[in-house]
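Colleague: In the order they appear, the protein sequences are chains Y and X.
All residue numbers for the first sequence refer to this note's numbering, where the first residue is 1 and numbers rise by one.
All residue numbers for the second sequence refer to this note's numbering, where the first residue is 1001 and numbers rise by one.
Any given hint might turn out to be false.
Unchecked claim - DEER-style ranges, computed between Cβ atoms:
| id | chain 1 | residue 1 | chain 2 | residue 2 | range |
| --- | --- | --- | --- | --- | --- |
| 1 | X | P1275 | Y | A62 | 43 to 49 Å |
| 2 | X | G1241 | Y | D43 | 49 to 55 Å |
| 3 | Y | G181 | X | G1250 | 25 to 31 Å |
| 4 | Y | R188 | X | R1318 | 51 to 57 Å |
| 5 | Y | G181 | X | G1241 | 49 to 55 Å |
| 6 | Y | L250 | X | D1400 | 39 to 45 Å |
| 7 | X | G1241 | Y | R78 | 42 to 48 Å |
| 8 | X | D1400 | Y | P205 | 50 to 56 Å |
| 9 | Y | A62 | X | T1327 | 42 to 48 Å |
| 10 | X | L1175 | Y | E86 | 56 to 62 Å |
| 11 | Y | E59 | X | D1400 | 26 to 32 Å |
| 12 | Y | E198 | X | G1250 | 53 to 59 Å |
| 13 | Y | A75 | X | G1241 | 27 to 33 Å |
| 14 | X | R1318 | Y | E59 | 25 to 31 Å |
Hints are computed from structural coordinates only; laboratory data are not their basis.
Just so you know, even glycine gets a beta-carbon here, dropped at the ideal spot from N, CA and C.
Spelled out, the chains give:
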Amino acid sequence: MTFRARVLVASVVVAVAPLAVLTLGIRREVEKRLTAQYRTRIDALTDVIREDVARRGEEIDARLEALASGVQDDARVRAAVLLGEERPEVLDWAGRAMPLAGLDYLMLLDSSGRILSSGHFRNEYDRRSTTVDSLLGGADGPVLVQARTAEGSFLALTRARAFEMGGRRFTLAGGVQVDGGFLDRLARGEQAGGLGVELLRPGDPTAAAPTRSAMRAELALPYVDDTAPTTTLDTARIVLTHSLSPLVALQRGMDVWFLAGIVVALLLAVLIARTVSTRVTRPLTELAAKTRRVDLDRLDVDFRSTRRDEIGSLARLMAAMVERLRASVAQLRQAERRATVGDMARQVNHDIRNGLLPIRNVIRHLAEVAREAPAELAPVFVERQGTLDGGITYLESLASTYARLSPRADRRPCDVNHVARALVRDMPVPDGASLRAELAEPLSRVAADPVVLRRIVENLVVNALESLDGAGSVVVSTVGGRTEQGSTITLVVTDTGRGMDAERVERIFEDFFSTKPDGTGLGLSIVRRLVADLGGRIDVDSAPGRGSRIRVELPALDPTGAEEGNA
Amino acid sequence: MRRSYRPLSLPTAASALLATACAAHSPAPGAPEARAPACVVVPTGEPPEGAPRGRSASDADISVALSTPVDPAKAPSGTGASERLVYGQLYRTLVEIDCEGRARPGLAASWSHDRDGLRWRFTLRDDARFWDGTPVTAHAVARSWASGPSPSGSPVVGPGIASASVEGDRELTVLLTEPFPSVEAFARPALAVTGARTDGGWPLGTGPYRPLSDPSDDPRGLRLVATDGKAAMSFRTTPGGDARAALDAGVDALVSTDPAVIAYARALPGFAAVPLPWSRTYVVAALPGWSAGGDTSAAPPAEALDGLARGAVRAEARPAEPPFWWTTGGCGGAASSEAGAPGRIAAPSAAPARRATPPRFVYPLGDAVARGLAERLVALAGRGPATPAWLAAAVPGLRDASAAVVAAGMDPAGLALAVRRGDALAFVVPVPRAAGGACLSELLAADDEMAGAVLAPGPGLRITALVDVRPSLVIRRGVAAVTVGGDGTLSFYPGGSEP
């Protein structure tokens, strides 16, 4: 896992975890409190409805009591009931009394349960409703009755009251219709607040079990279906439900905000992780890249940093290390150069001495002969000439051998602009300095080894950059020309460095002459020899404080590839 | 069961010919027969001494309360008691049937018919006049019948008028669409003679009274004045109101079936409550498709009908008394009344594929007697196994009723639609019961908007008679003499005039 991924994960966890805990906690607490509040409300309404139903039953009972008294006190009705005369008077009694008593259901029954008069269904007289009579008489409190009319059926909350008249027992059953309005009045308009009241009779589809969207309470009531052939006392239920929609909506809102918070937290976490990782990773990556470039031959990598943090400290440490390395490498190279030169010098000294020794001996002998027997000098010279020739031959072969040590040049058409352009591109430039190329196009080619050509340009540019002392500019330019000998290519390296006085200009191409304390003094001398090997020439123009200008002129190839001139 | 009208067989035709040959000639022209005393329900006479007089503007001006408004557009065929009462004063037919079933001259002085009763010849009375004094000519009669069915919209059912040929100013030959040897055919209100409509919207009539105003214009209600100008009648409508209030307001007469109103009238000094003839038989009719199976001979027991009459209805009622024209033949089969005949409402002969739920006893909306009977039948049908056998026989469809039976009131259009669709369990409707005999009863039933629609299907229809109902005339003593016609129409003779 990358550093960035680790930072991202950590940021996400730090941002999301507390938010999730907080939201879940709030959600749970809200749910608990609201649910408790709804439960309290629904339980309270249940109690109210229970009391209301009981009170309604008592009211109905009081009206029935009054009606019973009325029947007994009304002489005409009493006579009609007891004597069985004037039947229409009896049949119409309940229909007249029912609305006056504020009832929707009223029956007068005899002791056998036969209907004598029915207010809600006038013409159902003579029907036996013994079940209603017995059940109502035996039940405590009001009973829900499914009653019959000519047009259909309806539900009534009923009571029954028995009374004696003329030594006979009669029953009055009366009640009020239970409809939507009745339930609304029971609920006292609480439906607007999310409360619902519903009446379920036996056989009605069972109300769904409590769900997350509603809370329920039930109130049981005795129930009789007087429209069925046989009736039994059953139970109906008044079901109160409290919608949990507000709570659900609140939770949904919280969920939405929670998700929004999660999204924002994730975005912030990603942003922070990206920023942190970028600010940490990139400098380290750059530092690693610079470190990768460090080489014994490339110690000009700049580790300088203005950061004040650990990365800046590391960069400065790296810079110091490279600086020490650079110094060590310089010393090592110098030592190597000295060692190499020393070894070479010793070897050459040894070989030359070996070659000069026999020559010296012959010359000493000849000198001795010339001193002591000059007449014999000629025969002695002839005699000793072979030794001289052998020694000289040895020295020539020695010279040839040392010449073979230098790499053989691979001369082919080379584009000076290409070499110069590549060098300017790849050459590390110190801070404050600039290096650019101003190359003439098109430019003829020269016959040279590309390596040699690059070595020439590289040495000149390095010397120019080293002369800048920090700030300044170096320009590499090319131009084509023509002399009496033919076409030429002129490479010019111009710098705005410290410059050289005339004495130094005279000696700059000497071997082992250097203006730098750690210089080998071989750079420009090698350049001169390489330029001479190419048939070109080099000259310098410099003045102290005005920079330097080194000009290399090489013979150019004609378009066929032949050299047009010899330097 | 209703019998369809069809041509007579030869032996029957021969005997009928003999009978009709004797009956072909009406009373001599110009000699109207005296009214039968039984048809005078309220004789002319001074009120008892000391009894208060009516509050009419004059002795010859009586006010009558109506329970429903009267629409001139429906004249001369009334669909309700109020309209029949009013139109009966305004329009006359060629022939009138009295309460004993005897034919009396109306606008026609005499009449005759051919052997099978296909062709009739009438001689109009010399003194037959329209309200405007113009004579009632044969041409006017032919023009009246040629205008098509009654403006009320109810079709002229039964024997129709194929053509009417004018033989002279007062001679008219009528060709019927089918043979019908009974003169009752021309006593139907639907064949009352009318002229062009007047400005007030009333067709020009031939009755003893003419309207003075449009019922909707006069705050006093509809006023009729006798054509001789000697009497007047005012009709006031108390729709849905308590008729007793009308009596308290000073009306002189009203017709009611409500026992409470009748009892109240009897309690008022100066009023009399006179029972009128039994004019309606309430039946329960199960349409074809609902009447298959069951014991058709299981007639309701007497005590059941008595119970209905005494308990189920708030009217003066008795158990329905035969004979019933649908079982005895009515007009004797001389005219066709099969389903499909012009004006008949066709009803499905098979049970509907999908029956209405819940199954219904349908009754005419506004008819309290029919409603009471329907509700009583619902109560009896709801007893399950204890449902009376006679009811199960009268309405075999009860055995297939899966849901509780209910009662439903319908207006005429709805009732006709229910008949057409055949999706009602049964219909409880009043069938006119004419004092003038079975044939007139059948003709009146055919013309009745409710009964005609329900009884139209013909074969397969199962009719069970339940109760007879009669109204009572509540009238202030001494204000008028009143007679009743064979179709139950009342005629008023105020101011001491002789009926």
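Colleague: Each hint needs a verdict: does it hold in this structure or not?
Modeller: Checked hints:
no. : hint                         : in the structure
1   : X:P1275 / Y:A62: 43 to 49 Å  : holds (45 Å)
2   : X:G1241 / Y:D43: 49 to 55 Å  : holds (53 Å)
3   : Y:G181 / X:G1250: 25 to 31 Å : violated (43 Å)
4   : Y:R188 / X:R1318: 51 to 57 Å : holds (55 Å)
5   : Y:G181 / X:G1241: 49 to 55 Å : violated (29 Å)
6   : Y:L250 / X:D1400: 39 to 45 Å : violated (56 Å)
7   : X:G1241 / Y:R78: 42 to 48 Å  : violated (31 Å)
8   : X:D1400 / Y:P205: 50 to 56 Å : violated (27 Å)
9   : Y:A62 / X:T1327: 42 to 48 Å  : violated (55 Å)
10  : X:L1175 / Y:E86: 56 to 62 Å  : holds (57 Å)
11  : Y:E59 / X:D1400: 26 to 32 Å  : violated (43 Å)
12  : Y:E198 / X:G1250: 53 to 59 Å : holds (56 Å)
13  : Y:A75 / X:G1241: 27 to 33 Å  : holds (30 Å)
14  : X:R1318 / Y:E59: 25 to 31 Å  : violated (43 Å)
Figure legend: structure checked against the earlier numbered hints; hints not met, in rising order: 3, 5, 6, 7, 8, 9, 11, 14.
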